[in-house]
Amino acid sequence: MTTTADPPVLSAWSAVSGFGIGRAAFAAGLAAGAQVDTELDPDQWQVPVQRAALVPAFDARAELGRKGTRSMDRATALAVTAVGRLLNEECGEWQREIGENTGLVLGTTTGSAQSIMDFTRDSFEGDKPFFVDPARFPNTVMNCASGQCAIWYGLRGPNATVAGGRLAGLYALNYAARMLRGGRAETVLCGAVEEYSRARAWLEHHAGSGGDSGLLGEGCAIWKVEAGGGDGLAELLSVRFGVPDPSDPAATFTTVIKNALRMADAEAADLWAVSPCCAPGVYGDLERRALENVLVKPTPTRIVPGDLLGDTAAAGAALQVSAVLAVAESDRTAAGRLALVTGIDPEGAVGCAVLRLR
Amino acid sequence: MSSESHNRGKRSASQRVVISGLGVVSSIGIGIGRFAEGLQQGKVGARPITAFDTTGFSHALGCEIVDFEPDRWITALDPAELGRASQFSVAAAAMAIADAGLDADVLRDTHNVISIGTTDGESRDLDALVEAELRDGPEHMDPRLARHVPAGRLSTSVANELGLTDVEAITIPTACAAGNYAIGYGFDAVREGSARFALCGGADAMCRKTFTGFYRLGTIAPEACQPFDVNRKGILTGEGAGVLVLESLDSAVSRGARIYAEVLGYGINCDAHHQVAPNQASVGRCMQLALEDAGVKPAEVDLISAHGTGTKANDITEAGAIHDLFGEDVPPVVSVKSMIGHTMGAASALAAIACAIAIDRGFIPPTANHVETDPECGVDCVPNQAINADLHVVQNNGLAFGGNNSVVILGKHGEAAS
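If you read the protein sequences in the order shown, they are chains A and B.
Position 248 of the first sequence, counted from 1, bears residue number 248 in this note's numbering, the numbering being contiguous throughout.
This note's numbering runs 1000 ahead of the 1-based position in the second sequence.
Hints in this document: simulated from the structure, not taken from any laboratory.
Certain hints may be false.
What the hints assert, rightly or not - Using 30 Å as the maximum straight-line C-alpha spacing, the simulated DSSO-like pairs for lysine-lysine come out as follows:
| id | chain 1 | residue 1 | chain 2 | residue 2 |
| --- | --- | --- | --- | --- |
| 1 | B | K1043 | B | K1312 |
| 2 | B | K1233 | B | K1043 |
| 3 | B | K1233 | A | K128 |
| 4 | A | K258 | A | K297 |
| 5 | B | K1312 | A | K67 |
| 6 | B | K1297 | B | K1312 |
| 7 | B | K1312 | A | K128 |
| 8 | B | K1233 | B | K1312 |
As the list claims (entries may be wrong) - Have a look at the derived ranges for each label pair, beta carbon to beta carbon:
| id | chain 1 | residue 1 | chain 2 | residue 2 | range |
| --- | --- | --- | --- | --- | --- |
| 9 | B | V1253 | A | G65 | 33 to 43 Å |
| 10 | B | R1047 | A | K128 | 39 to 49 Å |
| 11 | A | G336 | B | E1192 | 39 to 49 Å |
| 12 | B | V1106 | A | P134 | 33 to 43 Å |
The beta-carbon is built from N, C-alpha and C at its ideal position, and this holds for glycine as well.
Please put together the full structure from these sequences, using the hints given.
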């Protein structure tokens, strides 16, 4: 087994979000800085809120064709779309043979809650409890999106799904880095996906500590990550996680960020940019306090896609990483400098990543 | 990817990873002692399902756990704030660290990994939320159940219960191979030195959704799970959790820990072929990757703990892949699912624990409910009666929806110490 001391490199990326589909749409939307939430059609969405930040006019069949999309749920369609845009628009000409040693790691919160709950609902409502659509059974399993992406694009390397709510993208990145360091894949496509759905809107409505104050969004960000040494957009220097001590959660978060900087052999003064998740309510407050404990003046550029795209849950940290890459492409001062991406998941973990822009 | 053999001979003691603690919640016994006894006796955990209303299904047996008392294992957290799968993962982790002779204070001194695999997360609570919604409308869902839902809680709850903060708590929902995925993840983290201890395994709670899906596919057995039997009729759904403590050989030796077995390596790949049906060539390739990673030749494998669901399709495909790779030299191929049912994301973790026990205690767990071996499978599945055996290398297969395969190779720790 080969190992490499060089940090893994993010060499290409794409995204699907409220800004639209593809890298260019994401970069343009972020640069424009306009909120993308829209009024929900009450006939289509029976949810406890009026607005959401949806992927504009997203239609799996229009995007991917009729074949293979009949039973596909929204989360899977978003992921297959994002991976397709990455491979076809950002990675030259994609050929299935390349997939032999290409892995895929996707972050999620709980897969498609809508698919799971619809399946159970059919079981309760049908004349018989087993009158359910067997073609939709795989949608109720959380690794559906990553398995479908593998089938669509012939990705036969390590294929994993990681659940971590808002931090899912960072868990995926760390997982991918571990696969590359261990020589288990040559290339790993990696990112995270979250769909907007009626089920998610109601679950968030009941579970959310901040009531309905947070605007929900959706999307998928995906990067091509390769073993170190090669060309690329950014190096992944470190990823670190923690689980907050309930008596002093900001202290845990502060330690996690300091450890990530130490592992990157970096100081706060080296940071060109910081991209916090800025979750609503107490979680955002915790993140702000932790960052105040670490950051030094002059304050790094702040990149907060969540202000525009809403709470995209599992896609959150992934879209933050992509936003850092997007801003760096148009900021000459970024080259060679560092970016810190932070996140906190309600009742779960805290984490961050340190990237060096090329 | 390297194909050099005998990697383990080249690894230093700090890069060799051993299993030093085990925790089990299963339908044939809670705790490592009872689980081991159950394996040795060929005990079967099947019974009529009570986890959900089975009215309208013509048959509904499953390997449900009816004697689990969360309060016995979960002391720092309020069990009511956890879904059943998280209760299982927390309980199994608490048992595993006690079994490893680890004090939580020792764990708090170092950076560790908690990796928990799952198929359904807390889908059992989603079932209940759907029921409430149908009865009273969506505005009347129970907020506490809604808070259970994010699957990340299966691993972060373990950290919360143990009071661990400097920890990577990751949940890996790669369906029915998730337990092996989680073990592989912990193995890599310990081997590369980024974690001192890894608490890894899998957990799932029985739910209506998954039973219904398999029933609709015609893959729920009416009475018994009979892997590799000519008259096998499918799976019985099960539930439970298994958690293993992994640490480096150095670490285990320095603290005088008991070592069950060494994790020699693992393989991981994807069929990229079909969401539900396994692909024989790809399953074979995953086994090959695992053996190469472990530095083991097929002829050195003494036992295969199969994914062995007991469906027509799985067992033929898996046995075929084994024959392709092992040729004339196929070792015994057993399925613990015959005893504990298909515990989904916990399945390959519980099977890996069974392998570690088998190596440690010197026996092969049987394949229960066996009458007549399917000639198309053509394996010695060690029918119904455990046999004594000196096991040096054991292979544990995990296959999943999405074409997600992971195979873990364990070895006897006598060799680990040499």
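Exercise for the section: Just pull the numbers of the violated hints for me, sorted ascending. Expected result: When the structure is compared with the hints, numbers 9, 10, 11, 12 turn out to be violated.
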